[in-house]
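Participant: Knowing the structure of chain A, use the given hints to seat chain B on it.
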Amino acid sequence: DQQVKQNSPSLSVQEGRISILNCDYTNSMFDYFLWYKKYPAEGPTFLISISSIKDKNEDGRFTVFLNKSAKHLSLHIVPSQPGDSAVYFCAASARGGGNKLTFGTGTQLKVEL
Amino acid sequence: DAGITQSPRHKVTETGTPVTLRCHQTENHRYMYWYRQDPGHGLRLIHYSYGVKDTDKGEVSDGYSVSRSKTEDFLLTLESATSSQTSVYFCAAGGEINNEQFFGPGTRLTVL
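Chains A and B, in that order, give the protein sequences. For the first sequence, the working numbering gives the first residue as 8, with consecutive numbering after it. For the second sequence, the working numbering gives the first residue as 89, with consecutive numbering after it.
Incorrect hints may appear among the rest.
Claimed, not checked - Keeping only pairs whose Cα atoms sit at most 27 Å apart, straight-line, the calculated DSS-like set for lysine-lysine is: (1) B:K158 to A:K107; (2) A:K61 to A:K75; (3) A:K12 to B:K145; (4) A:K44 to B:K145; (5) B:K99 to B:K158; (6) A:K63 to A:K75; (7) B:K99 to A:K44; (8) B:K145 to A:K107; (9) B:K141 to A:K107; (10) B:K145 to B:K99.
It is worth saying that the hints were derived from the structure and are not from the lab.
The shape of chain A in the complex, shown without the other chains:
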């Protein structure tokens, strides 16, 4: 029972173009969403987050969009850079769930020159 789904295991994008990573969720109690980035042999690092009271949050090249009615969020990276090549995890936390996070399966992004 995967409550947070990332249906694209991999994505390849050219340098300078936009990368769009998608995430779907099923639990209507989720009210806070985060994106983490992970390089090989390292732990995940926080990238950007969004509360369910918003539909967009922007931080430099990274923007997260939330569509609550569709239970869908996406991470946009513009422009994509080779250093962005990593695995991206979507995560969600639920009202009343403490600080626990439920993670998706991840999307491997490759930014090519």
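Facilitator: This is chain B only, laid out in the frame that chain A set:
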């Protein structure tokens, strides 16, 4: 990285042996977590702690136990390791502010 270290970083062990993984944090976070990462499953929560001596089960807790006797240390124990517990284990701390957790570098465990 919020000062989170894990030891050992790599371990190979045999089925049936006990294994303890250690997580140490220097930022005085109240909450700490243990996850495992497996292909096709992402990160799954094993156990978490919301204070010294206060722990609770996560999604995949069977076969694992934890202890937290000090704020800075969170131990994960496999009482009798099985091959299905071969995985990469990540410790995390935090979550008090905007649910943001900080992760350690991971421990790669192989159970033969």
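Participant: Run the distance test for K145 (chain B) versus K107 (chain A): straight-line Cα separation, threshold 27 Å.
Facilitator: At roughly 11 Å apart (the allowed maximum being 27 Å), K107 (chain A) and K145 (chain B) satisfy the hint.
Participant: Within 27 Å, alpha carbon to alpha carbon, are K61 (chain A) and K75 (chain A)?
Facilitator: Roughly 9 Å between the alpha carbons, so the hint for K61 (chain A) and K75 (chain A) holds.
Participant: Starting from K44 (chain A), check that the Cα of K145 (chain B) is at most 27 Å away, please.
Facilitator: With a Cα-Cα distance of about 25 Å, the restraint between K44 (chain A) and K145 (chain B) holds, given a limit of 27 Å.
Participant: Are the Cα atoms of K63 (chain A) and K75 (chain A) separated by 27 Å or less?
Facilitator: The given pair, whose Cα atoms are some 11 Å apart, holds under the 27 Å limit.
Participant: Do the alpha carbons of K99 (chain B) and K44 (chain A) lie within 27 Å of each other, as the hint requires?
Facilitator: The hint holds at about 25 Å.
Participant: CA of K145 (chain B) to CA of K99 (chain B), is that 27 Å or under?
Facilitator: holds, 24 Å
Participant: Between the alpha carbons of K158 (chain B) and K107 (chain A), is the straight-line distance 27 Å or under?
Facilitator: holds, 20 Å
Participant: Given the hint that K99 (chain B) pairs with K158 (chain B), does the C-alpha gap stay at or below 27 Å?
Facilitator: holds, 24 Å
Participant: Just to be careful, I want the Cα atoms of K12 (chain A) and K145 (chain B) compared with a cutoff of 27 Å; is the pair within it?
Facilitator: holds, 22 Å
Participant: Please verify whether K141 (chain B) and K107 (chain A) have alpha carbons no more than 27 Å apart.
Facilitator: Answer holds: K141 (chain B) to K107 (chain A) is near 18 Å, not above 27 Å.
Hint compliance for this structure: every hint is met.
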